[in-house]
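There are 2 protein chains.
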Amino acid sequence: MTYCVGIHIDAGMVFLSDSRTNAGLDQISTFRKMIVYEKPNDRFIVMLSAGNLSVSQSVREMFQVESVPRESEQGEPGVGGPLTIWNATSMFDVARVLGSTVRRVKHDHGESLQKAGIDFNASLILGGQIKGEAMRMFLVYPAGNFIEATRETPYFQIGESKYGKPVLDRLIVPTTPLDTAAKCALVSMDSTLKANLSVGLPLDLLVYREGTLASDRIVCIDDSNPYFRMIRDTWGQRLREAFDEIDEPSWDSSDARHPLRVKSERYAPMRKIANPNEKIV
Amino acid sequence: MTYCVGIHIDAGMVFLSDSRTNAGLDQISTFRKMIVYEKPNDRFIVMLSAGNLSVSQSVREMFQVESVPRESEQGEPGVGGPLTIWNATSMFDVARVLGSTVRRVKHDHGESLQKAGIDFNASLILGGQIKGEAMRMFLVYPAGNFIEATRETPYFQIGESKYGKPVLDRLIVPTTPLDTAAKCALVSMDSTLKANLSVGLPLDLLVYREGTLASDRIVCIDDSNPYFRMIRDTWGQRLREAFDEIDEPSWDSSDARHPLRVKSERYAPMRKIANPNEKIV
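Read top to bottom, the protein sequences are chains A and B. If you number the first sequence the way the numbering used here does, the last residue is 283 and the count never jumps. If you number the second sequence the way the numbering used here does, the last residue is 283 and the count never jumps.
Simulated from the structure, these hints should not be mistaken for laboratory data. This list has only true hints and no planted wrong ones.
Where chains are identical, the list cannot tell them apart; a pair therefore holds if satisfied intra-copy or between any two copies.
In silico DSBU-like pairs for lysine-lysine, Cα to Cα no more than 35 Å straight-line:
1. K133 <-> K41
2. K108 <-> K133
3. K41 <-> K108
Using the sequences provided together with the hints, build the complete structure.
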């Protein structure tokens, strides 16, 4: 399994990936799941991958040389040469190239994998910026189709996403500052690491500031990283303090503030079977 | 789907269940998933159910009349009449009766369900106390086998369990006070309700105090319940405050406290592909 998260907010983008790959509990390895495709001062593209490792490694490799026919403004295909991630003028086209790459890998390996009883699965988060265009982030599915992050849904997760979702849902909005989003991604990762053995260190974290077409905020986080250690030590404690600040339930229905024991206006009391011979009706 | 949680701590037990049943997004209904089997001053047994509704309703119905052969101390089966939930002298035997009930329902319906392409799935949390014995809690699987909660793992979840697990993991220990555990179960449910449409109100909450063989702390919580509304309004805010109290990441590697940007001692920097013709090696 895997846990990767990509956050797309006004100030920039945050990418975070774990590095555990497993084929059973006794066969775990470390493979990094983030890769950057960069053309200085022209484009900066980040990809995170989850799924079958042989598939996602092939996709990473082939993505940089994949091309799709260009659709010209006149509707004549092929004008201007094929479209690649290095000459595309929009991130939408880069996502099309990635979709095509996924389909090509599926064409090569999908049938054999299926015969071996293995699902073809690869989910990818693709984010980046091309000079002259806004930053964009996409989630690419195993069929090569994709969706784009919006202001209403400013993040994508792939892999083991559920444990770390509540904190993202509650904290990330388009106006969240960039470093705060990075902190939130790390807290989300911490919850996932605690719950699922198939997600593991080291992490790769990349923070991209809007418009820069580059990033020097890239760090590989292992268990000696001071900041992540602080989060792991602190968040549970802070969570407990927040929890303690919430009133305990009051079973006194005359409690003026927020009694727990009130009769539901719509629902009957829960069913109790007190007599061994009573039938449920 | 469903979300139910049972917590077994020193002071007592907490049971919480949602009530949404769905067969597709456009076919949702309300079915309560908690039931109490009670013999005053003798035994108090609570069951929570998840899975196919037709299966779990049959299990609920048949559980109260199910019997298994008694194994006498001399190893002669049948002495003293068959064992039921009403005459069992240990919760372990009650769990055996429940396992037998599950297998009986599977015997009746499993093959037809399988032919219809429907999984036989029923997961059950069973907790209770019989006079003279300690409280015990079990998780019963679709095959009728079961495990028991321990001090190391003092809670069970069934259904859509992942969203609400981190908060239980971090907050529940055997010495947690009973009302605090109830509050924690409600926070865990709140996270799940926010994330998954297949979990819905009303909730049934039951708090059992060790040794009482009864409970008057039973409440059906709908969206007008003052305490649960307070939790839904407050927890997100408290979580945000706790999050804000954690230091933002420091990209200054000379930061004396806990810099984020430090070079990993073990791992290379993340891979960047800067040249269109570079090959991944």
